[in-house]
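From first to last, the protein sequence lines stand for chains V and P. Those letters in the first sequence? Residues 1 to 331, per the working numbering, in order. Those letters in the second sequence? Residues 1 to 132, per the working numbering, in order.
It cannot be assumed that every hint is accurate.
[Stated by the list, open to error] Reference excerpt, derived from the structure (chain P facing chain V, CB under 8 Å, subset only): (1) Ser4; (2) Gly10; (3) Leu11; (4) Phe18; (5) Gln25; (6) Ser36; (7) Pro46; (8) Ile58; (9) Gln63; (10) Asn66; (11) Trp121.
Hints listed in this document are in silico derivations from the structure and should not be mistaken for laboratory results. Here the structure is a predicted model, which means the values were calculated and not measured. For every residue, glycine included, the Cβ atom is placed at its ideal position computed from N, Cα and C.
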Amino acid sequence: MITRIIVAFGAVVAIVVAALIGGSVPGLQPIFGVVLPYVAFAVFLVGFALKVVNWAKSPVPFRIPTTAGQEFSLPWIKWSKIENPSTTGGVIMRMFFEVCCFRSLFRNMRTDLRSGWLIHHPTKWLWLLALGFHYSFLIIALRHLRLFVQPVPGFVETLDAVDGMFQIGIPPIYLTDIIILLALTGLLIRRLFLPKMRFMSLVADYFPLFLILGIVITGLLMRFVYRVDITAVKALANGIASFHPVMPKGIGTIFFVHIALVSTLLAYFPFSKLMHMGGVFMSPTRNLANTNRMEYHENPWRKPPKFHSYEEYEDMYRDYMKEAGLPLERE
Amino acid sequence: MYDSGKVIVGLLIFAGIFLFPFIYQHGAPAKKPKPSLDTPAIKALPVKKCVEDTKFMITTHMQFLNHWRDQALREGNRWYVNKAGKKVWISLQNTCLKCHSNKKDFCDKCHNYAAVQPYCWDCHYDPNGSKL
Numbered sequence: 001m002i003t004r005i006i007v008a009f010g011a012v013v014a015i016v017v018a019a020l021i022g023g024s025v026p027g028l029q030p031i032f033g034v035v036l037p038y039v040a041f042a043v044f045l046v047g048f049a050l051k052v053v054n055w056a057k058s059p060v061p062f063r064i065p066t067t068a069g070q071e072f073s074l075p076w077i078k079w080s081k082i083e084n085p086s087t088t089g090g091v092i093m094r095m096f097f098e099v100c101c102f103r104s105l106f107r108n109m110r111t112d113l114r115s116g117w118l119i120h121h122p123t124k125w126l127w128l129l130a131l132g133f134h135y136s137f138l139i140i141a142l143r144h145l146r147l148f149v150q151p152v153p154g155f156v157e158t159l160d161a162v163d164g165m166f167q168i169g170i171p172p173i174y175l176t177d178i179i180i181l182l183a184l185t186g187l188l189i190r191r192l193f194l195p196k197m198r199f200m201s202l203v204a205d206y207f208p209l210f211l212i213l214g215i216v217i218t219g220l221l222m223r224f225v226y227r228v229d230i231t232a233v234k235a236l237a238n239g240i241a242s243f244h245p246v247m248p249k250g251i252g253t254i255f256f257v258h259i260a261l262v263s264t265l266l267a268y269f270p271f272s273k274l275m276h277m278g279g280v281f282m283s284p285t286r287n288l289a290n291t292n293r294m295e296y297h298e299n300p301w302r303k304p305p306k307f308h309s310y311e312e313y314e315d316m317y318r319d320y321m322k323e324a325g326l327p328l329e330r331e
Numbered sequence: 001m002y003d004s005g006k007v008i009v010g011l012l013i014f015a016g017i018f019l020f021p022f023i024y025q026h027g028a029p030a031k032k033p034k035p036s037l038d039t040p041a042i043k044a045l046p047v048k049k050c051v052e053d054t055k056f057m058i059t060t061h062m063q064f065l066n067h068w069r070d071q072a073l074r075e076g077n078r079w080y081v082n083k084a085g086k087k088v089w090i091s092l093q094n095t096c097l098k099c100h101s102n103k104k105d106f107c108d109k110c111h112n113y114a115a116v117q118p119y120c121w122d123c124h125y126d127p128n129g130s131k132l
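Chain V on its own, in the form it takes in the complex (with noise of 0.2 Å):
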């Protein structure tokens, strides 16, 4: 199991490696810096799209119930309306709290031995971490905007203004840097230390985790230790964001460290369980209304049967038939 670790641990490392020696070669820099985000986006975008066309391309023959509420039935017996939808309106609400909140996460339980008898209760650790983690995320890649595009647009400027709020040292300090720093600390903990998450990580779990902490963790180096010119930096991802790309002389090494992990993040992101950013989208059992019982739902592979009239038999043996004797239909 620990090769596991070892594995994951060690691609990341080889990557920046890889980009710590490409990021100091003038010659090469244009490669990481401009190359590789361009084929790693095209890799996430098209690889994004064709993996969803081809989930859709399965069929759903039936609605699959497993809901955690009580269906539509008799009027005196309560209906959960969001957890067990049957209506459109019903499943809206349903993907919105599992998209925006975790919903199922905050299911989340736990069976323990305690003094003696078995105790199921609700754990919330893996919901909280998650959910601190993605919008941290979500916010993050929002003020990257500031980066890419000029003018920046206002809602970039007031996420990085109450982003940085309080203020502490210069340049400040982010919320969400410490949010998902805290996170993914926790969530590499969960996978490391529990030992039945441990028996069930492989390496396609930890790889994520240690890429993004990897990310994160250049990131604020850039930011607060080894500062790259920021003018620089925008011109470079400018220059990408309007197809007229521009190598600035001058940026830091480490800045190409980030830049070959967020784009081996895109480029891997398709290929990985992180198409769950899709797949949730995708789920049947939560973007179905459970209509199975109100609605008449006909197997969408049964192809019609095929028949083999009387007809068509006797057409088939009719010489055998007529020297044994059988009487025919038509002669």
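Chain P: place on chain V using the hints.
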């Protein structure tokens, strides 16, 4: 493909969100700012050198100024010795802004470009008049 209408709308929303920077910039790159060094005080300098070297000042001036603030206001030490061994009086208004008297064409140029809102001007004021 099943439910192709819904899936295609979803994918279009996905593409729209992720391609937002490209659509917003529509192929026109913004000009990289050039902070102006054209002030009378800088012109009069025999050697055009800041307190530390240019690269350090470009990347790290904010941390440097923060350090200066702490040194001057919290420790009461108004003298800074730079890497070349020269003593410099620690003061934003009397040292930095003496040469860089053009806040609008110097500070604001890059800060606006990178959407940085430094809180220097919450307390300090620009003697040459621009915005308080």
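Legend entry - Earlier hints that do not hold, by number: 6, 7 and 11
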